[in-house]
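From first to last, the protein sequence lines stand for chains A and B.
Counting with our numbering, you get residues 799 to 1171 for the letters of the first sequence.
Counting with our numbering, you get residues 799 to 1171 for the letters of the second sequence.
Worth flagging that the hints you see were computed from the coordinates, not collected in a lab.
Keep in mind that the hints are not guaranteed to be accurate.
When chains are identical, the list treats them as one kind, so a pair holds in a single copy or across two.
[Said to hold, decoys possible] In silico DMTMM-like pairs for lysine to aspartate or glutamate, Cα to Cα no more than 20 Å straight-line: (1) Lys-824 with Glu-1101; (2) Lys-824 with Glu-1068; (3) Lys-921 with Glu-943; (4) Lys-824 with Asp-1056; (5) Lys-1000 with Asp-918; (6) Lys-1035 with Asp-902; (7) Lys-1038 with Asp-803; (8) Lys-1000 with Asp-1084.
There are 2 protein chains.
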Amino acid sequence: MNGEDSPYMVELEGLVARLGSMGSRKVLIQSPLGLRGEAVRISQLLSGLGVASYISSSNCWGGCDIAYSEAERLGVDTIIHLGHTPFMRRDRVRTIYLECRHTDPKPLESLIPQILDVLDDAKSVGLAASIQWLDHLGTISSALERRGVKALISKPYMFSQYVGQVLGCDYSSLLPLESWVDCYIIVGSIFHALGAALLTRKMTVAVDPHSQAVKNLGEMRERVLRQRYAYITAFRKARKVGVVSSVKPGQARFGLADLLARLLRSKGFEAYLITADEVGPETLDDFRLDGYVNTACPRLSLEDQARMGKPFLLPMETLVALNLLEWGYVVENGVLMYPWGWSPAGGRIFWKILRGEEPSTGKDMRSQEISCA
Amino acid sequence: MNGEDSPYMVELEGLVARLGSMGSRKVLIQSPLGLRGEAVRISQLLSGLGVASYISSSNCWGGCDIAYSEAERLGVDTIIHLGHTPFMRRDRVRTIYLECRHTDPKPLESLIPQILDVLDDAKSVGLAASIQWLDHLGTISSALERRGVKALISKPYMFSQYVGQVLGCDYSSLLPLESWVDCYIIVGSIFHALGAALLTRKMTVAVDPHSQAVKNLGEMRERVLRQRYAYITAFRKARKVGVVSSVKPGQARFGLADLLARLLRSKGFEAYLITADEVGPETLDDFRLDGYVNTACPRLSLEDQARMGKPFLLPMETLVALNLLEWGYVVENGVLMYPWGWSPAGGRIFWKILRGEEPSTGKDMRSQEISCA
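Pulled out of the complex, with its shape left as it was, chain A reads as follows:
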């Protein structure tokens, strides 16, 4: 759809054809905040075609958060999921992933002078964007190259599906560029860029066309890392802790939560397994525990930490709190990333530490386990 008042390009002809060929009669349309106008438009279109539709108003945080349960309760035959690319290895309910790409390059183009300004004397940059802005990376790379700055665009890796794409939790596609670039430019929300900044020591520039912001995240990176270490230190003084997992399809890491709880108990903590669909400070606070470990969405530990009050550590940070891993090592390899977010291939040391099989020694902590499909 590219309605006169829609800022997004959505492939409606393809959608209608696919629904027709599948014989879909009743669908659930799921979308993140910001794309719900598109969901209403699609519902209206389908209504004219005789396909019944529900629009989900539940939160939707990514391709990890597909509304299978809601779809099953409603008895729909198909989910139409807007705004994210596939993350799950298989869908429990048939799911059509429908991208919503911004059609208008202007909000991005207008930021180019600011981008060039903040780049300083970088000669080579790594470029990536969230799926909504992917069509306009060429706009930036051309402008950069005209000024003599070489622009490298990342290849799909791990959970990203397209050249140049980053997700809110997976920045691994940026790593192969590391030795070739002086700087990263990430188009999307500030958080997309913060995730990248926490993965690399290279300068990272956030470009948010929506809020018209261009920002070097160097200071923010340092502040977040200092705060994370303070929470790790605070966690060491905790006695009663919760190990939190989510039942969201792409965030369900019950095995990891169980291993972490056992490890914590072996170190003298009282550890409880806590679950939720939506994990949040409002509902965790009532347990009045001293600290939490988060095995659900890694962004929660950064975005909700201030509202949590209590430490809300990522799995690797927990190993640091237990003196099983060096903080410097986590910082070097990327604090936001789950062990399996760094690379699908490589080391098994994280899991070995977790299982108590091996002390922290090597630099090779890259796990081949991707356990959320």
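Place chain B on chain A using the hints.
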């Protein structure tokens, strides 16, 4: 449990015996906010018995909101549900309902002078409480009778399971007392009493031991009713509206939502079916519709209305907005109540109006349909 620092009486011996006889090995403990300390205690107890437990941190709004989906995802064999009595006619996952009654009558006793004060010259009162305070209704009734005020305690009816019990959405047990009492006294949160106040024209006194408040809700009733009518009027000017249903097991009224959407379309509205697990202003706002109809928890229309901004009408209010029912009739019969909340027996007029079979005529709008099991 009646631990030295727990304000609740929880029958732990019975729980342990039942889990043992059922052979439960892995449970999910679910509780509303305020009772999560008990959930942690129970998890600790079960750990010592070799029963694995998850504690749910999801919101839990009542006996309508049993975490079957979460339990199914976790693969537990039993749910332990704290703080509510059974609401569902059958449980999709084996569920043990564990009451948490306040052991200490003092917070209630200390309010008795205020209660007697606010009663004015009432000679006969109807008494009810939420399950947590049920053990102490006798404390009030004795004090009242000593002052010559006759206290009548309601019988279980509809969804209430005990003498004197009211739920957050079902006050039908109060109706048989209507012609015998001058006033109702409802012990629980202010909202429990507001629900009762909206059902009756008799004076309703809220007694909240937690916040130590005693309040005649007459003014609040009038204010809420005026606001409701203002939102009904605003809804009439809407063009694009959402009919909202929840997938929560005891709130899932997809058939009602569908009927309301069809009715709205027949009256010239653009009506969309919107679903969620958690229904809330934050997630509905992004659709930018002109108004909403709520078939999920009736409390949402009162408690979240101010934050919604847009009209968020109950089904009966929607019929008023469509000029199919008199506002005065709804006020007389209780605005909070769903058609099936008034009485399980009796009239079918609500459903007939909804299906377009019959115009609004009688006073007999009591449906036998209880469609949320």
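Evaluation of the provided hints:
no.: 1; hint: Lys-824 with Glu-1101; result: neither (36 Å within a copy, 32 Å between copies)
no.: 2; hint: Lys-824 with Glu-1068; result: between (47 Å within a copy, 18 Å between copies)
no.: 3; hint: Lys-921 with Glu-943; result: within (10 Å within a copy, 88 Å between copies)
no.: 4; hint: Lys-824 with Asp-1056; result: between (38 Å within a copy, 13 Å between copies)
no.: 5; hint: Lys-1000 with Asp-918; result: within (13 Å within a copy, 74 Å between copies)
no.: 6; hint: Lys-1035 with Asp-902; result: neither (51 Å within a copy, 34 Å between copies)
no.: 7; hint: Lys-1038 with Asp-803; result: between (53 Å within a copy, 16 Å between copies)
no.: 8; hint: Lys-1000 with Asp-1084; result: neither (40 Å within a copy, 36 Å between copies)
Hint check: violations occur at hints 1, 6, 8; the rest are consistent with the structure.
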